Amino acid sequence: MGAEDAGDEYPELTPFEIPESTWAVFKAKGTLNQDVHPIGALTTRIYGEWLPSSGYEKSMNYSMEVYGPGDTKSDEYICEIWIHVKKK
Numbered sequence: 001m002g003a004e005d006a007g008d009e010y011p012e013l014t015p016f017e018i019p020e021s022t023w024a025v026f027k028a029k030g031t032l033n034q035d036v037h038p039i040g041a042l043t044t045r046i047y048g049e050w051l052p053s054s055g056y057e058k059s060m061n062y063s064m065e066v067y068g069p070g071d072t073k074s075d076e077y078i079c080e081i082w083i084h085v086k087k088k
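Using UniProt numbering, the first residue of the sequence shown is number 1, and each one after it goes up by one.
Just so you know, these hints were derived from the structure itself, not from any lab. Every value quoted in this text rests on a predicted model; they were computed, and no experiment measured them. For each residue, glycine too, the CB sits at the ideal point set by N, CA and C. Please note: incorrect hints may appear among the correct ones.
What the hints assert, rightly or not - Straight line, CA to CA, 27 Å or less: simulated BS3-like cross-link-like pairs of lysine-lysine: (1) Lys27 - Lys73; (2) Lys58 - Lys29; (3) Lys27 - Lys88.
To be verified - Using C-beta positions, here's what the derived DEER-type ranges look like: (4) Glu9 - Pro52: 19 to 25 Å; (5) Tyr62 - Lys87: 16 to 22 Å; (6) Met60 - Asp8: 15 to 21 Å; (7) Asp8 - Thr44: 23 to 29 Å; (8) Ser54 - Glu9: 35 to 41 Å; (9) Ser21 - Ser74: 40 to 46 Å.
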């Protein structure tokens, strides 16, 4: 994933480069309202179930949540969690 540097358009943001690596990408589907957030439940499953049994471990101290275009109030809205991983 890449993004063009916005220059001075967003002075409150600091760009940084993420090194090339392996990512585990998980999709969450559902409305993003204040009571129920699909990312929260997915994060719990990733770290509690998938990661311990996957043969991978987290390789950096960051991950990304990706919120694409679309209606965030729709039950069909898709967002993603990207986790930097490496083989155990």
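Outcome of the hint check:
no. : hint                      : result
1   : Lys27 - Lys73             : 16 Å, holds
2   : Lys58 - Lys29             : 23 Å, holds
3   : Lys27 - Lys88             : 23 Å, holds
4   : Glu9 - Pro52: 19 to 25 Å  : 41 Å, violated
5   : Tyr62 - Lys87: 16 to 22 Å : 19 Å, holds
6   : Met60 - Asp8: 15 to 21 Å  : 28 Å, violated
7   : Asp8 - Thr44: 23 to 29 Å  : 39 Å, violated
8   : Ser54 - Glu9: 35 to 41 Å  : 39 Å, holds
9   : Ser21 - Ser74: 40 to 46 Å : 32 Å, violated
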